[in-house]
Amino acid sequence: MQGLHLTSLLSILILMITAFIMPVIKQRQLVTKISLATMGVVLVMLALVAVDVARVEHYTATIGHYDAPFGITFDIGPIEAVVGVLFAFVSTMVVWYASFGIHKEIKENRVKLFYTLIHLLLASLLGIVFTSDLFNSFVFIEVSTLAACGLIAIKDKPENIKATMKYLILSSLGSGLVLMGIAYLYSMTGHLNMRAIHETLQVSVAGNERAILVSLTMFTIGLGIKAAMFPLHIWLPDAHASAPGPSSAILSGIVIKAPVVLLFKVLFMVYGHEILKDTVILNLILIFGATGMIMGSLFARVQTDLKRMVAYSSVAQMGYIFFGFGLGNAMGMTIAIYHILAHGLTKSCLFLSVSSFIEQTGQRDIDNMRGIGREMPITLAIFSLGGLSMVGIPMLPGFVSKWNLALAAIDYGQIFLLLIILASSLLNVSYYFPIIINGYFGNANLEGKIYKSKMKPVRELVPLILLSIMMVIVGFGSGPILDWIASAMPSL
Amino acid sequence: MISFLASHYFQIGTVILFGVGFMTLLLNNNLIRKIIGLNIMDTSIFLFFITIGYTGGREAPIINGAFKGIDAYVTPIPTGLMLTGIVVAVSTTAFALALTILFYERFGTIDLSEVMDSRGD
Amino acid sequence: MTFLIVLPIFLPWLASIFATQSRIITEKRLKPYVAVVVITNFIVLFTVVSLFPKVRFHLLMVNRFIDIYLRPDSLGILFAVLASLLWIFTTFYAFEYMKHENRVRQFFVFFLFTLGVTIGIAFSGNMFTLYIFYELLTLATFPLVIHAGSEEALASGKKYIIYSFSGATLVLLGMLLVFSITNDLSFLPGGIVNFSHFGGTDHNEFIMLLVGYLSLFLGFGVKAALAPFHSWLPNAMVAPTPVSALLHAVAVVKSGIFSLMRTTYFLFGPVSVAMLGASNYLLPIIVLTIVMGSLMALHQDNLKKRLAYSTISQLGYIILGIALLNQDAFIGALLHLINHAVIKITLFFVAGAIYYQTGFKYVHQLDGIGKRMKVTMICFGLSVISLIGIPPTNGFVSKWYLALGALKAHNVLYAVALLLSAFLTAAYLLPIAVQAFFSKKETPELDAIGEGKSLDPSDTMLIPIFLLTAIVILLGILPNPIVSIVTRIAGEVF
Amino acid sequence: MANSFWILMMLVIPGAASLIGAIQGNKNEGLRNALHLSVYAFVFGIVVLLYEPVSQGDIVVFVPNLMGTGLMLKLDMLRYIFVWLTAFIWPLAMIFSTQYLIRHKNRNRYYALFMLTYFSTMGMFLSENILNLFTFFELMSISSYFLVIHDEDEYAHRAGASYLAMAIAGGLMVLLGILLAYNFAGTLIISEMDLKEASQVTRIAIGSLILIGFGIKASLFPLHVWLPKAYTAAPMPATIILSAVLAKTGVFGIIVTLHYLLDGEPVISYAILILGMLTILVGGGLAMYQRNVKRILAYSSMSQMGYILLGIALIEILGSHGGLAVYGTLFHIVNHGIIKTLLFIGAGVIYIALHELSINVIYGFGRLKHFLKALFLFGALAVAGMPGLNGYASKTMIHEALLEAAHEFPGPLFSILDILFYFGSAMTVAYMLKFFVAVFIEKNEEYYGQHRHLIKWPVLLPMSILSGAIAILGMRPEWVYAPLSQAAEILGASGEVHPHLFATEALRASGVIFVLGFVMYATFIRIYLRRQVDGHAVYVNPSNTFIRIEEDLMIPVFTAIFKGMTVFFRFFDQWLIRLGEFIGDSLHRLADVKPKKWIEANGNNLSDAGTHLIESLESASSGKFAQPLIEKGDAALGKLTGEKLSEPLHRSGEAIAHLADESLRKGHKLKDEGETTVRKAVYRANFNISTVTYSIFLFGAILVLSFIFIFLNSTLVKY
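Chains as they are written, first to last, in our numbering: chain A, 1 to 492; chain H, 493 to 613; chain W, 614 to 1107; chain R, 1108 to 1826.
Read the hints as simulated data drawn from the structure, not as lab findings. Even for Gly, the Cβ is constructed at its ideal location relative to N, Cα and C. It is possible that some hints are incorrect.
Here are the in silico distance ranges between beta carbons for each label pair [claimed, not checked]:
no., chain 1, residue 1, chain 2, residue 2, range
1, R, 1210, W, 1023, 29 to 37 Å
2, R, 1172, W, 797, 52 to 60 Å
3, R, 1299, W, 672, 36 to 44 Å
4, W, 639, R, 1262, 31 to 39 Å
5, W, 657, A, 476, 24 to 32 Å
6, A, 213, H, 561, 48 to 56 Å
7, W, 639, A, 476, 18 to 26 Å
8, R, 1169, W, 915, 44 to 52 Å
9, W, 1021, R, 1605, 32 to 40 Å
10, W, 1107, R, 1262, 17 to 25 Å
11, R, 1468, W, 1021, 58 to 66 Å
12, W, 915, A, 156, 56 to 64 Å
13, R, 1260, W, 648, 17 to 25 Å
14, A, 213, H, 524, 46 to 54 Å
So here's chain A without its partners, still in its complex pose:
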């Protein structure tokens, strides 16, 4: 299937091209349709890529006619394929969902811009995940940052501007650090291709320990900012809470995941375990991850704004992913990647249902969500499913991650880390359940109201339902997915 080799590249290109077609078209409906069609095409293409990868295990798409190490290549293995499909799927669903209601949330003339930005964002995120060239990934990171900033600022409210500013500044810091890290690597090895750097680094470790450590730190902090690693997450709640609903879903679902994947690739594919094990970086990531798990949940627990709560929950969940990396064993990494999947689906589900609440009721406060389940039962059901997954009800993806993470922690030899995982999931209970309970069983705000009056038509909830179905499938099918991801883990 030689022809398929460029599919991954093609999908990015399609997105880029359509992104810039959109502002030209006048009708909003047409834009929406084009966007949906493109997303669908991209999803199919990436699914094909994934199938292909599943068959041949690994392939490389070369861009132009330069081969690696000088040319830019896309190295796609199971991890990239899985994450790519996830990105495409989530954005498809989000675009589908947005097609019904985004014009209510943002100004009419900005709708086209919204789709443009989403296309750009998806393209750049896929690029980050697929590319095996470090500098290329940096460019994609910058593009994704700008697109994401646009998605937040598109709402034009003061707090959006503020949040965007915060995000932009911190992101720029991160980008600068990443670029400096790339420069260090280049100066040490003279390569930008990950594989090539890896091979060179293995030989030239001696004498470069300090530079390696510095560049590692730069990558970790830089990408950590973008991926909302715990102490560097301060931009996230503002940004995610103020953005329009679909944007939040994309931001929380996939935008913060791409840097994680890149960090994973940098850490384990560029530097490699041989180098990492002599440094303190993994332990730091573990500690940050663990702290994030607890602190994120604690902060989420005390929020009064529903969206902020869900945003803080993202911080906690990113903590799980970093925790998995920090463990540094095959199982931990596998489950971290799996959690990217799990959290991507779950969180976009949650954000979309939350934005649906906010859109329909105009309320943001958790206290005002009482009785929401009687008005919007299906939406709250989807929210509940997501919440249950976060809490760790068996067979949902959240549980699978937690379970395997715990096993990995045992494997790592630190039993007390189990307690952190469990405490975190317990904290999740403490903030997800009150909403569900009060939503379904509290009827304080319902005096004299007609039930189900505010529910969106089921037609508009189809993307949400599909997301939650996918979530359940990922949960139940965790076995093969985990095996597949594990097959791609760099040997330790």
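Using the hints provided, position chains H, W and R relative to the given structure of chain A.
This is chains H, W and R only, laid out in the frame that chain A set:
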């Protein structure tokens, strides 16, 4: 140590520059200054790259006349990369400036500290 | 055909989903429908377990860990039959009782659903399956707990759910630790943890197993109202009485107990637990639970709360029986599992009947009520006598075995705790029964109700109460059939 | 086989009759009474007929599966004596009940429970399985409890609570003892149980547990505290069976335990010996003080139980020489039952007539009721030990056994006991004399024989039968030697005993006792307890001020224990929740740290000051100063048009207005600046505080985590 400083003064300078830019970006409350800091930081990295790329006594990678063999030319990749980098930096700067204007329209100030409250940490 | 074993679980589930359709199951048809479902399920359960004894049916098998399968063994069948049987009684009782509550349909939907979950717990073939059903149980019973919908109910419900999930989290921890060592979580009589397999000397694994066992025990102990994780239970008393009865007699707390039995005797095995020495840590807590429950019950004026604390203490008996790790104690625990279920459900039914008929909730209001609710209060009195453990009632039989087990464990203290608690039980429950009949106090509140007529509830309520009391006495006079079944089960694990 | 059937019938028929009577009695009381009476009579018939077979050998019945262990009944001569007593007394009490209860409510309930008590008492005496015995014992305790509180008044409830608490506590102790015994013996069959394998300490522990339980029923000192209250509170027929039969269940339990389980463990035996003597003395002594005739009889019962307990102890101490002790004990059990029934019926008659029991009110009641007086005197003399009546026979036997023990084991103990025995018996004489003299001899104008119609056949028939029995048993004690000797064989003593009841020493002892009793009456009771108040004699009861074991000792101790436990367990009940709430609260408080608030408050002050300044300046500019001036200027202008004066005035007014405007603008600026400063201060403070909390959080967390890391690394993972 001294020899290291002497031989790597370009790199050291760029790193110092990077620090200056970084700190400006991080600590200054004025948005314009922040953007300037961002540019200083980016530029320092470009410089760093280019200093890596330059090898003393070699020519620019343009075949002017006969081809003198690969060792006669500096590697062109950093320079090429930096062109991309500059583009990226410029777009970022542009975006940031646009945002600053919006910011000023909304809040009537470009001082971040006056606007940011403590929420979100 | 072995897939039929899932029928007793899925039938109530489907039925409960079907019951939400108010167009098909109209208000009028709801009660007959529920009755038919519950009884059919009992018959189906009986048929299925007799047709396929010891069958093993996989619902889903992802890998060695995520392997959901059902394997009803004799203990599971015993529990399932007990639950379904008491469910029938509760159903009929609830028909009458729910007349003065709102949202009857919601109640019965979750009521049916919980039945399926409980049978699922009984049939679980490994710890993971049990865990799933255990979590489901929390979720399914939660709407029942907060059925009243008041602030108080919601607060209690929140407490219930937080406690339950904390417990479940501990269970998860325990499962993880055990699984990481044994790589298997299936239930086998006598346990799968075998020290000889692991060299026996590996101290790290020893510690991990010990911690695993303790956290499993404490985790399930939350549902089984082991102090200090018991506070949710008295609070959950805001639920309608049929729910309280079920929660406290059968479904929830007994599921906790059942899971404790599974953990101790089917996952670890008595030999391993004894080698771990886990009981040394647990027994003091259990003894404290027993005495505390009884003592705190003395201070409650709310009848249902008093019964709830009594439940805590009685469950302590069962847990003690489990933790003592000898055959007599285990027989006693199993017997008390059954007997306490029957007794406590009767007591709750009576409490509910009083509330339903008179609106009285507090003990001090009940003086002289026996003269108006004769049959009900006689049943109450007999159940109380049984709960204290006075022969010839079933409460005595189980207490006898428990105490014997305590003595077999070479510690008179446990037996003394049992008897002290029995005395306290008498102190907090007998006066109610006595004052109901032998009080000369003026009772204007009571006299104002019903113009001096008999206040015994109607037959749909009274017959379950009466039949259960008959069972209480009958099991006391002729305990041998049950004892022999239980002894056989105990024989399997020892 | 037939015998087994009849033995079962002895249980089945009363059990069924209790239920049938309860249901049927709602409709027709007469029929119910007839039914009950015929059941009692029928069972008595069975008992009488079973004498022959029992004297041939033991009858054992086994019904499998009942109550788990199966029901095992056995009728041997020892049990037969108890069974006979039960079957004999009960119908008489029942007959008496028919009259006594006429004015009481809830008769139906009473009769049902009366029958149930009968059933359980029978069952207990017949049980061979100790678990069955315990079952019936508990059943009997509970059903008799309802008899005690039958009157439903305050006093009855208090007495009942005491009775029930002790009965249940005692029952649980017995249960614990049985459990321990079973643990050692491995069987529940009484005659096969023995604890030879257990150490002496264990045996004593088990023994004391069981004996405390049974001792409560047998009113063993100091476990008798429930007795006076319960006996007084219960209706008279219930008191009769409590005293005559139910107390004997405790005795039976003690005999069985001491003999079979403990093999006559000496320590326990001597303890019972001494406690038995104390029971005699305490009971007798307190009986002398009482004014309520029922209480007199109650303490008298206690005292008589003391004899029986003494006898039991002697049986075990003397071992195979204990034939005489067996004779005396068992005989006294029967005699006491008969005599006490008679006396209580006599007292019951008084109560039926007067609803009053205080000696100070009822004195002289029976002076003119000669038949009643004669029958009562019969009973009083019998219990006092008048030679020729049955009480004398059994007491003499016990005394002889005591003397024999003194002979066997020379030492001060038995000599002292011998002397005390005299005293105890003399007390019996004294208090019966007090009772009899007060009720039947003293004069009282209020009573002239008017209640005679109340003394009907339900009273007289039982009293006559009982008097007959007293006389026959007293005159011809050798008629009962046959069963007694068999019982002695069962209890391991030689049955070949020839008591010399009418030997000179015995008669002399009796004489001494009577004389001593008269002296006690004449001195202690007549002089100390009988005082002249308002012209006539009144008995006083100084013992009410004595230290009371229950109120002054047991209740405070148990209350203190209970309170302590309550405090502890309340904490135990709540600590987790409290902890959770505390953590939750602190978390919320931490989250709610809004330094803004207080800075805002300060800021408000600042900007308030600014506003105030502005306001004052405004008023200055527009109102107070300038306006009048302008007005004045304008007015002057109007008046003096063209005049020079107006111009400067007007201008100065404008100048002042201008000045005020200027200051106003300054004030606004000041206010703005103030607000900006405040906002900045707010931000800074906010930032600082949140940063501080945040850093503390973070560093704390990291610190803790690293500590745990290091610590656990070094400890846990090392293995």
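Checked hints:
1. Roughly 58 Å separates the CB atoms of residue 1210(R) and residue 1023(W), a value that falls outside the hinted 29 to 37 Å.
2. Checked against the hint of 52 to 60 Å, the pair residue 1172(R) and residue 797(W) fails, with Cβ atoms roughly 41 Å apart.
3. Distance hint check for residue 1299(R) and residue 672(W): the Cβ-Cβ separation is about 54 Å, which falls outside the suggested range of 36 to 44 Å.
4. Evaluation of the 31 to 39 Å hint for residue 639(W) and residue 1262(R) yields a failure: the beta carbon distance comes to about 60 Å.
5. Separation of residue 657(W) from residue 476(A) is about 27 Å and conforms to the stated range, judged on CB atoms against 24 to 32 Å.
6. A C-beta distance of roughly 37 Å is found between residue 213(A) and residue 561(H), which places it outside the suggested range of 48 to 56 Å.
7. As the Cβ distance of residue 639(W) to residue 476(A) is approximately 36 Å, the hint placing it in 18 to 26 Å is violated.
8. The beta-carbon spacing between residue 1169(R) and residue 915(W), approximately 47 Å, falls within the hinted interval of 44 to 52 Å.
9. Under the hint 32 to 40 Å, the C-beta atoms of residue 1021(W) and residue 1605(R), about 51 Å apart, miss the expected range.
10. About 54 Å separates the C-beta atoms of residue 1107(W) and residue 1262(R), a value inconsistent with the hinted range of 17 to 25 Å.
11. Separated by about 60 Å at the C-beta atoms, residue 1468(R) and residue 1021(W) satisfy the suggested range of 58 to 66 Å.
12. Between residue 915(W) and residue 156(A) the beta carbon distance is about 57 Å. The supplied range of 56 to 64 Å therefore holds.
13. Between residue 1260(R) and residue 648(W), the C-beta spacing of about 47 Å breaks the proposed range 17 to 25 Å.
14. At roughly 35 Å, the beta-carbon separation of residue 213(A) and residue 524(H) lies outside the given 46 to 54 Å, and the hint is violated.
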